[in-house]
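Assemble chain P onto chain X, guided by the hints.
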Amino acid sequence: MKLVTYATISALAVAGVAFAGAAEARDQIRIVGSSTVYPFTTAVAEQFGKSAGVKTPVVESTGTGGGMKLFCAGVGETHPDATNASRRMKKGEFETCQKNGVKDIVEVTVGYDGISVAQSKAGTPLKLTLGQLYLAIAKEVPGADGKLVANPNKNWSDIDKSLPNVKIEVLGPPPTSGTRDALHELLLEHGAAQIPALAALKKSDAKAFEKAWKSLREDGAYIEAGENDNVIVQKLVANKDAFGIFGFSFLEENSAQLRGVALNGVDPTYDNIAAGKYPGSRLLYVYLKKQHVGVVPGLDKFAAEYVSQKAIGEDGYLAKKGLVTLPKKMADDVRKAVLGLAPMTGDPLTN
Amino acid sequence: MRARYRAERRFQLYGLVAIGLTGIFLVIVLADVLFKGLPAFTQHQFVFGVKVDAAEIDPNNTRKPDEIRAGDFQALVRNTLRGIFPEASDRAARRRLDGLLSSGAGDALRDRVVADPSLIGQTVRVSVLTSADADLYFKGLGTEITRRAGRGTATPSDTSGSIEIASTVTDFASDGTLTDAEPSQLVAINGGVVKLTEIRGNRAAGEVLLPLSSAAAAAPGSWQVVTYVTPESNRRVGDREVVWLERLKEMGAVRSTFNWRFFTAGDSREPELAGIRGALVGSALTLFVTLVICLPLGVAAAIYLEEFAVKNRVTELIEVNINNLAAVPSIVFGLLGLAVFLNFFGLPRSAPLVGGLVLALLVLPTIIIAARAALKAVPPSIKEAALGVGASHQQAVFHHVLPLAVPGILTGTIIGMAHALGETAPLLMIGMVAFIVEVPHGVTDAGTVLPVQIYLWSDLPEIAFQAKTAAAIIVLLVFLFVMNGIAIYLRRRFERRW
Numbered sequence: 001m002k003l004v005t006y007a008t009i010s011a012l013a014v015a016g017v018a019f020a021g022a023a024e025a026r027d028q029i030r031i032v033g034s035s036t037v038y039p040f041t042t043a044v045a046e047q048f049g050k051s052a053g054v055k056t057p058v059v060e061s062t063g064t065g066g067g068m069k070l071f072c073a074g075v076g077e078t079h080p081d082a083t084n085a086s087r088r089m090k091k092g093e094f095e096t097c098q099k100n101g102v103k104d105i106v107e108v109t110v111g112y113d114g115i116s117v118a119q120s121k122a123g124t125p126l127k128l129t130l131g132q133l134y135l136a137i138a139k140e141v142p143g144a145d146g147k148l149v150a151n152p153n154k155n156w157s158d159i160d161k162s163l164p165n166v167k168i169e170v171l172g173p174p175p176t177s178g179t180r181d182a183l184h185e186l187l188l189e190h191g192a193a194q195i196p197a198l199a200a201l202k203k204s205d206a207k208a209f210e211k212a213w214k215s216l217r218e219d220g221a222y223i224e225a226g227e228n229d230n231v232i233v234q235k236l237v238a239n240k241d242a243f244g245i246f247g248f249s250f251l252e253e254n255s256a257q258l259r260g261v262a263l264n265g266v267d268p269t270y271d272n273i274a275a276g277k278y279p280g281s282r283l284l285y286v287y288l289k290k291q292h293v294g295v296v297p298g299l300d301k302f303a304a305e306y307v308s309q310k311a312i313g314e315d316g317y318l319a320k321k322g323l324v325t326l327p328k329k330m331a332d333d334v335r336k337a338v339l340g341l342a343p344m345t346g347d348p349l350t351n
Numbered sequence: 352m353r354a355r356y357r358a359e360r361r362f363q364l365y366g367l368v369a370i371g372l373t374g375i376f377l378v379i380v381l382a383d384v385l386f387k388g389l390p391a392f393t394q395h396q397f398v399f400g401v402k403v404d405a406a407e408i409d410p411n412n413t414r415k416p417d418e419i420r421a422g423d424f425q426a427l428v429r430n431t432l433r434g435i436f437p438e439a440s441d442r443a444a445r446r447r448l449d450g451l452l453s454s455g456a457g458d459a460l461r462d463r464v465v466a467d468p469s470l471i472g473q474t475v476r477v478s479v480l481t482s483a484d485a486d487l488y489f490k491g492l493g494t495e496i497t498r499r500a501g502r503g504t505a506t507p508s509d510t511s512g513s514i515e516i517a518s519t520v521t522d523f524a525s526d527g528t529l530t531d532a533e534p535s536q537l538v539a540i541n542g543g544v545v546k547l548t549e550i551r552g553n554r555a556a557g558e559v560l561l562p563l564s565s566a567a568a569a570a571p572g573s574w575q576v577v578t579y580v581t582p583e584s585n586r587r588v589g590d591r592e593v594v595w596l597e598r599l600k601e602m603g604a605v606r607s608t609f610n611w612r613f614f615t616a617g618d619s620r621e622p623e624l625a626g627i628r629g630a631l632v633g634s635a636l637t638l639f640v641t642l643v644i645c646l647p648l649g650v651a652a653a654i655y656l657e658e659f660a661v662k663n664r665v666t667e668l669i670e671v672n673i674n675n676l677a678a679v680p681s682i683v684f685g686l687l688g689l690a691v692f693l694n695f696f697g698l699p700r701s702a703p704l705v706g707g708l709v710l711a712l713l714v715l716p717t718i719i720i721a722a723r724a725a726l727k728a729v730p731p732s733i734k735e736a737a738l739g740v741g742a743s744h745q746q747a748v749f750h751h752v753l754p755l756a757v758p759g760i761l762t763g764t765i766i767g768m769a770h771a772l773g774e775t776a777p778l779l780m781i782g783m784v785a786f787i788v789e790v791p792h793g794v795t796d797a798g799t800v801l802p803v804q805i806y807l808w809s810d811l812p813e814i815a816f817q818a819k820t821a822a823a824i825i826v827l828l829v830f831l832f833v834m835n836g837i838a839i840y841l842r843r844r845f846e847r848r849w
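In order, the protein sequences belong to chains X and P.
Position one of the first sequence corresponds to residue 1 (the numbering used here), numbered consecutively onward.
Position one of the second sequence corresponds to residue 352 (the numbering used here), numbered consecutively onward.
If we strip away everything but chain X, and leave its shape as in the complex, we get (with noise of 0.2 Å):
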């Protein structure tokens, strides 16, 4: 009986510690968002934890679309100082975002992110067109006819004569990825462009063109991976004949081992990544609360460090954990921005 009376009075207590808890104030920052960017704004945040005297900044990985939410959902103690994304904020995030009460956004270009194709050093080196690429992994492709039909290939030599005569085989991101919208977007809708029946079809019926590049074949030839890339890795190198679609920054990590396939005859470099030549790169962002500045002690230094020559110059430590780098111009302007703290107006967003 006493115990069950004592247990009781400690489970009384320790909610009673909990609601007086969240009374109090925060006095650290809490950021959430993509998977892409975490592995940089974590890095970022440790080091501002460690020469800034206060508490080191709580990187949550949320995805880029569930950090925008709870990002947008209001300004206060229980909502997020900064959201991490792989893309930039659309239209509508901005939109709930001001109708909630979070006006002034500061946004940070943080650097590029390539995706990239990638096989082990042990197989047979493969060049790719984006069409190419298109017809390897899209669900429809046109036929004799110039209709979509089911994709027919099953080796790569069935694309083109010139490709190895091996079976087609590409592991890459799960729809829920950020990485995944960016295999869409940045290739495989560029590469039906270079496909004359689909060039042809944008023009007639810009919706069924839409879908085409938007849908992967589901007969094995593209394998969901999962969201961890790393498990892609191991398996390419177990396997010579598959390819993986991941970020850069894996594949930097693992250049023992994989090697870069190059698009449209450009190999996936950090220079020309960095130079916008690659096809598969795209920008990453870290966006702010600007009325949190103040209220959570640090934020503005917070942005000081992720925007600092240290962290994101070209011989910063982003660098060296795989964040490809802005061109000084650019990467001027945008601490320009953010050390004046200055809110985006929404305009140039998109959906």
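Hint data in this document are derived by calculation from the structure and do not stem from the laboratory.
It is possible that some hints are incorrect.
Below, in silico cross-link-like pairs of lysine-lysine (DSSO-like), each with a Cα-Cα straight-line distance of 27 Å or less [stated by the list, open to error]:
#, chain 1, residue 1, chain 2, residue 2
1, X, Lys-240, P, Lys-490
2, X, Lys-235, P, Lys-490
3, X, Lys-320, X, Lys-336
4, X, Lys-50, X, Lys-320
5, X, Lys-320, P, Lys-600
6, X, Lys-55, P, Lys-415
7, X, Lys-301, X, Lys-55
8, X, Lys-50, P, Lys-402
9, X, Lys-336, X, Lys-103
10, X, Lys-50, P, Lys-415
11, X, Lys-154, X, Lys-202
12, P, Lys-490, X, Lys-121
13, X, Lys-320, P, Lys-490
14, X, Lys-55, X, Lys-69
15, X, Lys-320, P, Lys-387
16, P, Lys-387, X, Lys-240
17, X, Lys-290, X, Lys-103
18, P, Lys-600, P, Lys-402
19, X, Lys-121, X, Lys-320
20, X, Lys-235, P, Lys-387
21, P, Lys-387, X, Lys-121
Structure of chain P alone, referenced to chain X:
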């Protein structure tokens, strides 16, 4: 008759095959985790005599701990390493040399000097963390090295820069230009190391990586042709780094120690600095909250349902629901936690308190079911005897039935806790899947738990995190084994048969 025996034998065979397959899978998984994870429990360190220069760490000569703490200890260690390899003088070479050190290399020295300011001005022998790449190199992820003594007399043209080495016999492998896609060939001569770039018969041109003591001719056998078997483009550490690391090893400045840091540090983005202390404490706090809530609630509910409740439609409905709840996917509890604890009650995100509450909801049905089974297993004669000598119903239950059921209840609770220890899905929704450096001090501080830490590490690009991931899995498995072991021990120790 024969057919029946055959059927029985066949069934036994199926059973054996099933057990065998399960066993094989288990062994494969465990072996894989152990193989990958064990290297992470050791860590390589450089042991240097570092001169603690007052100008770098205490320029104002205050000798105050706060002032010293802000000093640049990393620079002290860096300068020591540069002192060992003075030839790395240009920016690129220095950066590569600095890359051998962890970004936390100065931490141990800082702690010692802050504790004992009298060390300032002296030379202190300290252990310095290596970078993850250097650590992996020493753990065998570098290259195989073969050495062959030179057969002729070799004469280098100079002691540094681009030089040529002439031997009296053909000592070098095939003619031509060497690329980084084939094994690297180097020559160790006169105390220095030369990386060959081009071979023409008896002559070889190359870059000096470690300066030679003299350009004198070296007698046969006194110099070596060294081959790094793995081509430079296929490994993480370049030839230059390999030469430095090998030299440091020869000097006895490399030491392998048990990786205490793994258990004492919080999370970090640098693999060599990352530890699981934060996740362990987070797990402990979360489980504490879970236990405090679901043990009394679960046991009380079980006692009421088993001993006091009237059997009618309502209690039957409750029973069915409890059994169903035990089978609900855990992510649903996470969504519930998000809606109720975070959005309605306004509890802090990422807090072990909320994690504990959600996990309590998750394991409550398990505990109720286990506790009811334990109560039911107590023979009714005991209760009846108590009632017979005049005890009230409540006295009979609390004085006689419950004590006998405790071992069973505890076993069920521990197994429920072990289940809670391994959960990640419900914690995703309430913000515990997060990068958290600070070790939480209370249930409302931001915290994460062991399985989440494993999940987060497994997703990072750095190769060294793969070993960390496996090592964290080993720790988690050890905890699960211990908890299940305690459950089995309790059952054996206190079990009574009637």
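Going through the hints against the structure:
{"no.": "1", "hint": "Lys-240/X x Lys-490/P", "in the structure": "26 Å, holds"}
{"no.": "2", "hint": "Lys-235/X x Lys-490/P", "in the structure": "23 Å, holds"}
{"no.": "3", "hint": "Lys-320/X x Lys-336/X", "in the structure": "24 Å, holds"}
{"no.": "4", "hint": "Lys-50/X x Lys-320/X", "in the structure": "18 Å, holds"}
{"no.": "5", "hint": "Lys-320/X x Lys-600/P", "in the structure": "26 Å, holds"}
{"no.": "6", "hint": "Lys-55/X x Lys-415/P", "in the structure": "23 Å, holds"}
{"no.": "7", "hint": "Lys-301/X x Lys-55/X", "in the structure": "12 Å, holds"}
{"no.": "8", "hint": "Lys-50/X x Lys-402/P", "in the structure": "24 Å, holds"}
{"no.": "9", "hint": "Lys-336/X x Lys-103/X", "in the structure": "20 Å, holds"}
{"no.": "10", "hint": "Lys-50/X x Lys-415/P", "in the structure": "19 Å, holds"}
{"no.": "11", "hint": "Lys-154/X x Lys-202/X", "in the structure": "26 Å, holds"}
{"no.": "12", "hint": "Lys-490/P x Lys-121/X", "in the structure": "23 Å, holds"}
{"no.": "13", "hint": "Lys-320/X x Lys-490/P", "in the structure": "22 Å, holds"}
{"no.": "14", "hint": "Lys-55/X x Lys-69/X", "in the structure": "25 Å, holds"}
{"no.": "15", "hint": "Lys-320/X x Lys-387/P", "in the structure": "24 Å, holds"}
{"no.": "16", "hint": "Lys-387/P x Lys-240/X", "in the structure": "22 Å, holds"}
{"no.": "17", "hint": "Lys-290/X x Lys-103/X", "in the structure": "8 Å, holds"}
{"no.": "18", "hint": "Lys-600/P x Lys-402/P", "in the structure": "21 Å, holds"}
{"no.": "19", "hint": "Lys-121/X x Lys-320/X", "in the structure": "23 Å, holds"}
{"no.": "20", "hint": "Lys-235/X x Lys-387/P", "in the structure": "16 Å, holds"}
{"no.": "21", "hint": "Lys-387/P x Lys-121/X", "in the structure": "22 Å, holds"}
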